[in-house]
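Engineer: From first to last, the protein sequence lines stand for chains C and W. Positions in the first sequence are counted from 1; adding 470 to them yields my numbering. Positions in the second sequence are counted from 1; adding 68 to them yields my numbering.
By construction, these hints were calculated from the structure, which means they are not laboratory data. Glycine residues also receive a C-beta, built at the ideal position from the N, C-alpha and C atoms. Worth double-checking, as some hints may not be accurate.
Said to hold, decoys possible - Chain W is faced by these chain C residues, among others (derived, beta-carbon under 8 angstroms):
id, residue
1, Val528
2, Ile552
3, Ser605
4, Glu607
If you want the building blocks of each chain, they are given just below.
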Amino acid sequence: MLGILALFLVIGSIESGSRAYFSDIEVAVGNTITVASEPISMVKVSGDGRWNSPTWLVSMYANERKATTITFANSSPEDITISLTVSPPSHDEGNLKFGFDNQSLVVPGKGEASVVFWVQTSQSVTPGSYSSITSIEHEAILGRPQND
Amino acid sequence: MKKIPKALVIALVAVILAVGAVYAYTAINVTSHVEVQEPISIVSVEGDGTFDTSSNIWDIGVIYPVDTASIAITFANEAAGAITLNLSAHPASLDGGNLVFSFDNPTVEVPAGGTATVTVSANTTQSLAPGSYSTEVTVER
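Isolated chain C (complex conformation) (with noise of 0.2 angstroms):
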């Protein structure tokens, strides 16, 4: 008991807003928890630049704006609420931009959503690579009985 206790405690930082629950995780006898699985996928891109998953290349020019969808699926039966982050979200004194036409987005039970995200340059953006990182976060809760 002491030793769920101390897990939950470690694990539990707890945090305002949108909550997801995972329906399949167990909590078994001798103290142990397992996450079975991550119910948030991308199941879908499209758009401008090609993937070679999980990154997004993009080849462009000054004064352009590539943008590529997508399509995120959440396999338990729960709405789960994601964040986007984009970091950094620019490069080159602001010269080169990342955006989302969403940052957060409700991804429905057994469903799909999508969002648009695209980088944007401006006439005096110096050529070169860039390099940025898109986390989609969300939140979970950890103990909730499953609803379906």
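Chain W: place on chain C using the hints.
Structural biologist: Just chain W now, kept in the frame of chain C:
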């Protein structure tokens, strides 16, 4: 070490199981690689003297006092959007102003996927001292 009462442990576990432990979870990381290329290039140069396209050096050759030499430089824009170019010479004049470099359009817009032409001229006065002169023309977007 003080022992935690068993009843308290059970109560805490019951609360956690009922309320749930919430944590932010990074589901996916996506890396973006962007390769930015220079959209502006010189596609043709016509006029006086010779123009070396590998070094971008315009050799006017011989020019006399009260004379003018010029070249027309055509720029191409590969980008999907129009790009404005600003041209300037450094220095713009030599020999106390007896040799002056100028542009018919110091600011020119090159349309998306199109071209635009700028004429660069070197003008001399009758007081120009014989000798060799050079300047640098900068094209900025």
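Engineer: Could you run down the list of hints and mark each one as holding or not?
Structural biologist: Each hint, compared with the structure:
no., hint, in the structure
1, Val528, "5 angstroms, holds"
2, Ile552, "7 angstroms, holds"
3, Ser605, "5 angstroms, holds"
4, Glu607, "5 angstroms, holds"
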